[in-house]
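Asker: Here the protein sequences line up with chains Z and W, keeping their order.
Read in order, the letters of the first sequence correspond to residues 1 to 206 in the working numbering.
Read in order, the letters of the second sequence correspond to residues 1 to 206 in the working numbering.
Where hints are given, some of them may not hold.
Identical copies go unnamed one by one, so any copy, or any two together, can satisfy a pair.
As the list claims (entries may be wrong) - Calculated pairs, DSBU-like style, for lysine-lysine (alpha carbon to alpha carbon, straight line, at most 30 Å):
id, residue 1, residue 2
1, K117, K35
2, K24, K35
3, K159, K117
4, K24, K117
No lab work stands behind these hints: they were computed from the structure.
Number of protein chains: 2
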Amino acid sequence: MLGLPPALADLIHQLTRLPGIGPKAAERLALALIKWEPAEVASLGQALNDSVARVTDCPTCGCLSQDGELCDVCASEGRDASVLCVVEDALDAVAVERGGTYNGRYHILGGALSPMKGVLPEDLRVAELLERIQADGVTEVIVATNASPDGEATALYLKQELVELTAPGGAALRLTRLARGLPSGAQLDYADPATLQSALEHRTEL
Amino acid sequence: MLGLPPALADLIHQLTRLPGIGPKAAERLALALIKWEPAEVASLGQALNDSVARVTDCPTCGCLSQDGELCDVCASEGRDASVLCVVEDALDAVAVERGGTYNGRYHILGGALSPMKGVLPEDLRVAELLERIQADGVTEVIVATNASPDGEATALYLKQELVELTAPGGAALRLTRLARGLPSGAQLDYADPATLQSALEHRTEL
């Protein structure tokens with residue numbers, strides 16, 4: 001039987017280890033890659049090595065950063081240090097930034113609580129969060145975990161941990177979460193019942 | 001605004017040049033890659049370089065091969081050299097091989113005729129095909145181009161070019177094409193009209 005050349009079969013096999021890449025997709029990627037110019041392949045290899053070597057977590061918030069430095073948000077003078085947006089992953093912070101209106105800082109939990117996957121409170125960056133709240137004089141924590149069961153559980157756990165804390169001056173720390181409702185552009189007849197339920201429950205004045 | 005670290009942004013940008021990989025998929029791949037062990041990343045880089053350097057086309061049929069050698073099929077003594085299966089791409093030959101019953105050889109056209117994409121007869125390996133038919137004493141050519149408009153046009157063009165040729169001994173060269181009908185496992189109510197039409201037209205005795 002005609003097989004693929006061993007070098008190519010090895011490349012395809014390695015590509016199937018990437019998330020969302022099955023055997024057919026890996027075949028297509030590998031065949032595209034071997035048609036690239038040698039300089040382009042070298043440049044991809046370089047970018048890969050650079051990323052692995054240089055991308056680090058921001059030592060303060062845990063966002064993606066480079067060479068162990070503070071991330072852009074933590075390094076910026078213009079951002080409001082008294083508001084923290086708590087997200088599961090670094091990409092979630094990038095998504096919130098894309099909105100373009102948030103001016104506080106971030107805190108990356110590094111996941112969500114999940115007894116099924118064995119993620120327990122001590123696996124998340126909660127101790128660091130408590131420390132930052134005290135040290136930075138935080139007045140509001142926006143819990144922006146995913147709207148999934150794990151994300152919900154994590155939000156409830158954080159509420160439990162943070163509800164007793166006070167902001168500077170002795171007022172209670174403000175704890176908020178992202179609004180639930182129809183996503184923008186949504187059509188009612190395609191919305192799932194849970195979303196419609198939330199949208200009804202949290203309806204606002206017209 | 002919090003951006004991605006430049007090294008990572010560069011990697012993501014390069015990955016989006018792969019077929020079927022959009023910005024979101026590239027982000028997911030890049031983040032997965034930077035979490036790999038350094039040894040795994042090195043091994044992927046090695047496989048990539050190996051493939052680019054070593055994968056070549058079989059000098060006879062155009063299938064994927066390595067280091068300029070004949071492919072497994074052309075190198076095998078056991079395959080019937082008098083039957084040629086003509087396919088568009090090397091992966092099509094791999095697909096036919098997976099069936100496990102074909103015992104002839106292959107000829108890769110290197111694409112299909114497409115005036116829209118600017119692929120003309122002289123861009124396909126048709127001259128090589130004519131040469132092989134004479135040199136190898138071919139008695140049957142199975143045209144296995146895709147069941148797409150371009151594939152159909154290519155099949156008709158090949159018929160025109162090959163219909164006058166003779167097999168060794170003076171008999172006419174046998175020209176065949178893949179059967180059209182229901183794919184195996186198909187449900188009639190999900191089949192498209194053109195497929196059902198073909199299946200009816202080419203019905204066989206029960």
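Asker: If a hint holds in the structure, say so; if it doesn't, say that too.
Answerer: Evaluation of the provided hints:
no. : hint        : verdict
1   : K117 / K35  : between (40 Å within a copy, 18 Å between copies)
2   : K24 / K35   : both (17 Å within a copy, 23 Å between copies)
3   : K159 / K117 : within (22 Å within a copy, 59 Å between copies)
4   : K24 / K117  : both (28 Å within a copy, 24 Å between copies)
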